[in-house]
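**Q** Given next are the chains, with one letter for each unit.
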Amino acid sequence: KAGVTQTPRYLIKTRGQQVTLSCSPISGHRSVSWYQQTPGQGLQFLFEYFSETQRNKGNFPGRFSGRQFSNSRSEMNVSTLELGDSALYLCASSLFQGNLVFGPGTRLTVL
Amino acid sequence: AQSVTQLDSHVSVSEGTPVLLRCNYSSSYSPSLFWYVQHPNKGLQLLLKYTSAATLVKGINGFEAEFKKSETSFHLTKPSAHMSDAAEYFCVVSGRQGTNAGKSTFGDGTTLTVKP
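The listed protein sequences derive, respectively, from chains P and H. For the first sequence, counting from 1, position 46 maps to 48 in this note's numbering; every step adds exactly one. For the second sequence, counting from 1, position 46 maps to 47 in this note's numbering; every step adds exactly one.
Bear in mind the hints are in silico, worked out from the structure with no lab data behind them. These numbers come from a predicted model, not from an experiment. Keep in mind that the hints are not guaranteed to be accurate.
Taking lysine-lysine pairs in the DSSO-like style, the calculated list, with each CA pair at most 30 Å apart, reads [said to hold, decoys possible]:
#, chain 1, residue 1, chain 2, residue 2
1, P, 59, H, 50
2, P, 15, H, 43
3, H, 70, H, 50
Required output: the full structure, derived from the provided sequences and hints.
**A** Okay, here's the thing in structure tokens:
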């Protein structure tokens, strides 16, 4: 059974640009959630989608957005990138509430 | 609202001695609780979970945790540490209903060092 896949694995952007990250959940998992991990702030919840609907959202500015498609794949978009957006972005899929299976992450560097 | 507090940012033990990583939680409803481990440059892996069945939960690699509602705690223990246990550990509370449904809140993490 394939795990959670995230693309791309590494990304370098400059300030002001926008970026789209992709996450393919484990087959059959309908919940996808996104997290930002930084040395200073730890792991912070961005948002969670279930059956194409955003069910919950963390305390991030509107520059961070996401969506989920009918096949449960999810994308996360960050517009007008700032230096502080440099982080490891983790996607997790879930069959049961909270039983998260994490992908390897996308390492975003903003220059 | 829900929150998690990991009481120790760093824990250091000798190989073969017991491990105790402490976690307190706060939740408006009866939550699900989890421990995840992250080895250096690796992804997050589920160690164990509590979802309102038995209060003593056994996980992988000899870890276990006990849910204590009266103390709002979910401490992680292991009788005998192994070098391979050195990693960062995260306690997580996940909402099952209300405004926290679908939201998982992570603690700040505890770095476990195992000395030979």
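**Q** Indicate, hint by hint, whether the structure satisfies it.
**A** Against the structure, the hints come out as follows:
For the given pair, residue 59 (chain P) sits about 23 Å from residue 50 (chain H) by alpha-carbon distance, which is consistent with the 30 Å threshold. Under the criterion of a C-alpha separation no larger than 30 Å, the hint pairing residue 15 (chain P) with residue 43 (chain H) is consistent with the structure, at around 23 Å. A hinted pair counts as satisfied when its Cα atoms are at most 30 Å apart, and residue 70 (chain H) with residue 50 (chain H) qualifies at roughly 15 Å.
Every hint from the earlier list agrees with this structure, and none is contradicted.
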